[in-house]
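**Q** Spelled out from the first residue to the last, the chains are:
There are 2 protein chains.
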Amino acid sequence: MVLVRPQLGENIGKAARAMANFGLREMRLVTPRDGWPNPSAGPAAAGADLILDTAKVYESTADAVADCAHVFATTVRKRGVTKPVLTPEEAADAVHGEPGKSAILFGPERSGLETEDVALARTIVTVPIDPEFGSLNLAQAVILCAYEWSKRKGLAQPPKEDLLPPGPQDELDGLIAHLERMLEPKGYFLPETRAEATRRTLRGVLTKPGWNHLELRTLRGVLSSLERQPRD
Amino acid sequence: MVLVRPQLGENIGKAARAMANFGLREMRLVTPRDGWPNPSAGPAAAGADLILDTAKVYESTADAVADCAHVFATTVRKRGVTKPVLTPEEAADAVHGEPGKSAILFGPERSGLETEDVALARTIVTVPIDPEFGSLNLAQAVILCAYEWSKRKGLAQPPKEDLLPPGPQDELDGLIAHLERMLEPKGYFLPETRAEATRRTLRGVLTKPGWNHLELRTLRGVLSSLERQPRD
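Quick mapping for you: the protein sequence lines, in order, are chains A and B. In this text, residue positions in the first sequence follow our numbering: the first is 1, and each later residue adds one. In this text, residue positions in the second sequence follow our numbering: the first is 1, and each later residue adds one.
Bear in mind the hints are in silico, worked out from the structure with no lab data behind them. Treat the hints loosely; a few may be bogus.
Where chains are identical, the list cannot tell them apart; a pair therefore holds if satisfied intra-copy or between any two copies.
[To be verified] Simulated crosslink set (DSS-like; lysine-lysine; CA at most 27 Å straight-line):
#	residue 1	residue 2
1	Lys83	Lys101
2	Lys208	Lys83
3	Lys151	Lys83
Construct all of the structure, not just a fragment, from the sequences and the given hints.
**A** And the structure:
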């Protein structure tokens, strides 16, 4: 469970409590607004202190998920993203069904995840709520995902045998950065006003496959070859 | 949803918010400790005022469920009662599967339901939580039951994005051929004895994603850019 830029310590505590109820132990925090540790978190955790004490803090969302094979982004609203959208139930199936570490990203209380955070994920998780109300808070989103995770835990499918899990997120980031370095001098990201959207599109296309570490290595080799001078 | 002797107005508000998110509208209160209406409830309801405004107050749990065909009692601990015990999921199935009105009873924050309240119910609902932690608050219990109810209702599933299907095979072949043309002069397929296996690996990596025609077009653009002379 990765809380991205959470605002109130109290909500971090509540999220920890929600996790503890369902046997989840590992919390990661990306630049919590009021720093960390936060004295408001403890009382709200209702005894889930171990989770708070061992929570790790990261400078960026990318850092927080660098060692994860599967990254899920929770969003309430539908977005113009072309990624598969799962319910918490389906996401729990996916987490248990695949080998490799999974991260679920939760955005800040008010605003939710930014587009760049969502871009890191291969899959969207949306809690199906009443569209006419639609006010799910952070700890509620966490508890529903944790609850579904724990329901599926009992009947966890055996991991699929020979499929390698997607490579760790930092290897994917390495590939994307490599390609961007090559494209930059070619003017691929011009005009400047479109650069960010273009980068996001490119990331989306390369995130979708879920390449394993061998495949990522192959592609790094392809890029290195393309940079080479022609043989003659 | 019947809150039996709830203590804090704030928790009544949170329970209303939880219900509203999942399309539940009817809340009943049995002798709330601090009377009703309670000014602390509104702010915690985050807009679910309609539920609070129409909540009915009863003198006893028996009165509150008098018109209900099915009464469920939520408890965390197992009790010495000989009633069927369901998960929230199974309870939701039961609610939807049976004709007649259903009530789910939730006890006071600290103590939970009394034996007499439980006695009114035909069925127990227990949220399966980690026995070593076990600290689910009132609003959390309500939201999990509301969530399961709404899942079964069919209201709920987020609309499946119509994800574009993979592009036609000849577009994928075009991409692969384009990349191979670029790699050939760089010696990527040498030594010759390994060339066929290398081509197969490359094709495998690029086939796995199932890119749609927009994504394939993006990647053709990437390759064309890489072939360009640098801008200066």
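**Q** Take the hints in turn and mark each one as holding or not.
**A** Do the hints match the structure? See the list:
For a Cα distance limit of 27 Å, the shortest separation of Lys83 from Lys101 inside one copy, 20 Å, qualifies, whereas the shortest one across copies, 40 Å, does not. In this assembly of identical chains, the alpha carbons of Lys208 and Lys83 lie at most 27 Å apart whether taken from the same copy (8 Å) or from different copies (16 Å). Both within a single protomer and between protomers do Lys151 and Lys83 lie at most 27 Å apart by alpha-carbon distance, with minima of 25 Å and 22 Å respectively.
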